[in-house]
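What follows is each chain in one-letter form.
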Amino acid sequence: GENVEQHPSTLSVQEGDSAVIKCTYSDSASNYFPWYKQELGKRPQLIIDIRSNVGEKKDQRIAVTLNKTAKHFSLHITETQPEDSAVYFCAATIRLGDKFYFGSGTKLNVKP
Amino acid sequence: DVKVTQSSRYLVKRTGEKVFLECVQDMDHENMFWYRQDPGLGLRLIYFSYDVKMKEKGDIPEGYSVSREKKERFSLILESASTNQTSMYLCASTQGNLVGDEQFFGPGTRLTVL
Chain A
2 GENVEQHPST LSVQEGDSAV IKCTYSDSAS NYFPWYKQEL GKRPQLIIDI
52 RSNVGEKKDQ RIAVTLNKTA KHFSLHITET QPEDSAVYFC AATIRLGDKF
102 YFGSGTKLNV KP
Chain B
786 DVKVTQSSRY LVKRTGEKVF LECVQDMDHE NMFWYRQDPG LGLRLIYFSY
836 DVKMKEKGDI PEGYSVSREK KERFSLILES ASTNQTSMYL CASTQGNLVG
886 DEQFFGPGTR LTVL
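Protein sequences, first through last, are from chains A and B.
With this note's numbering, letter number 1 in the first sequence gets 2, and the count goes up by one each step, no holes.
With this note's numbering, letter number 71 in the second sequence gets 856, and the count goes up by one each step, no holes.
Hints should not be assumed to be uniformly reliable.
In the DSS-like style, the derived pairs of lysine-lysine whose C-alpha atoms are separated by at most 27 Å in a straight line are [unchecked claim]:
1) K842(B) to K38(A)
2) K43(A) to K856(B)
3) K803(B) to K108(A)
4) K38(A) to K788(B)
5) K72(A) to K788(B)
6) K72(A) to K842(B)
7) K855(B) to K842(B)
8) K108(A) to K788(B)
9) K856(B) to K69(A)
Here chain A is said to cover these stretches of chain B; the calculated rule only asks that three of the stretch's residues, wherever they fall, bring their Cβ under 8 Å from a Cβ of chain A [to be verified]:
10) 814-827
11) 886-894
Computed beta-carbon distance windows for the label pairs [claimed, not checked]:
12) R52(A) to K856(B): 23 to 33 Å
13) G825(B) to N68(A): 36 to 46 Å
14) P892(B) to E84(A): 27 to 37 Å
15) A71(A) to K856(B): 37 to 47 Å
16) S792(B) to P9(A): 43 to 53 Å
Hints are computed from structural coordinates only; laboratory data are not their basis.
Ideal Cβ positions, reconstructed from N, Cα and C, are used throughout, including at glycine.
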């Protein structure tokens with residue numbers, strides 16, 4: 002089955018700096034890659050996603066890139082703010098309506 | 786707006802007790818999932834269901850069972866709770882008929898087994 006690895010497990014940046022979180026996946030059939038943000042004490046929520054026919058997607062300060070050849074995808078957050086502090090999870094899925102395979106999570110701390 | 790609710794936010798049980806965790810979604814979603822979340826291990830899938838009375842094992846089904854008698858409700862059962870089942874349990878649902886559809890999560894149940 003699919004295996005998703007996520008790095009780093011913790012990331013600390015200064016407010017205004019950029020943050021990058023990387024994930025690799027094992028199954029080349031995976032075709033959808035969402036990113037979830039979980040603030041302390043709250044439920045995970047989708048923040049951005051990318052499909053395998055697209056190389057990059059942006060939404061304001063957040064972007065996701067996908068390299069299908071290398072089987073990795075990354076989350077980029079620019080101009081970080083304290084409210085970006087949270088745990089971020091990447092995921093991959095192979096089939097329509099199928100289960101997600103989640104990474105182990107990255108705890109991002111943005112220092113004011 | 787999709788709403789996924791879980792029966793309890795916090796639960797304390799004793800070893801050997803039978804524990805029921807309930808999840809309800811109100812958007813007629815086809816698929817429902819149960820995860821446990823532990824520090825450093827991310828979200829691990831316990832069971833999922835893509836239709837009423839249908840279930841499939843996830844990555845860590847041992848010690849758990851599930852029930853889906855109605856489309857909106859998905860129950861996680863710990864037949865005989867053990868201390869290593871102390872964890873945060875998250876339920877999620879997806880529409881199920883679109884590739885890559887979003888998983889909507891419940892607020893979670895923090896279970897402590899003494």
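Hint check results:
1. K842(B) to K38(A): Holds, at about 25 Å.
2. K43(A) to K856(B): Holds: K43(A) and K856(B) sit about 25 Å apart, inside 27 Å.
3. K803(B) to K108(A): 33 Å, violated
4. K38(A) to K788(B): Answer holds: K38(A) to K788(B) is near 17 Å, not above 27 Å.
5. K72(A) to K788(B): Not OK: K72(A) and K788(B) at ~33 Å, beyond 27 Å, violated.
6. K72(A) to K842(B): Holds, at roughly 26 Å.
7. K855(B) to K842(B): It holds: about 19 Å lies between the C-alpha atoms, which stays within 27 Å.
8. K108(A) to K788(B): Roughly 26 Å between the alpha carbons, so the hint for K108(A) and K788(B) holds.
9. K856(B) to K69(A): 36 Å, violated
10. 814-827: holds (count 7)
11. 886-894: Holds, because 7 residues of the region 886-894 of chain B bring their Cβ atoms closer than 8 Å to Cβ atoms of chain A.
12. R52(A) to K856(B): 23 to 33 Å: 27 Å, holds
13. G825(B) to N68(A): 36 to 46 Å: 26 Å, violated
14. P892(B) to E84(A): 27 to 37 Å: About 20 Å separates the Cβ atoms of P892(B) and E84(A), which means 27 to 37 Å is violated.
15. A71(A) to K856(B): 37 to 47 Å: 40 Å, holds
16. S792(B) to P9(A): 43 to 53 Å: 35 Å, violated
Checked against the numbered hints above, the structure breaks hints 3, 5, 9, 13, 14 and 16 and satisfies the rest.
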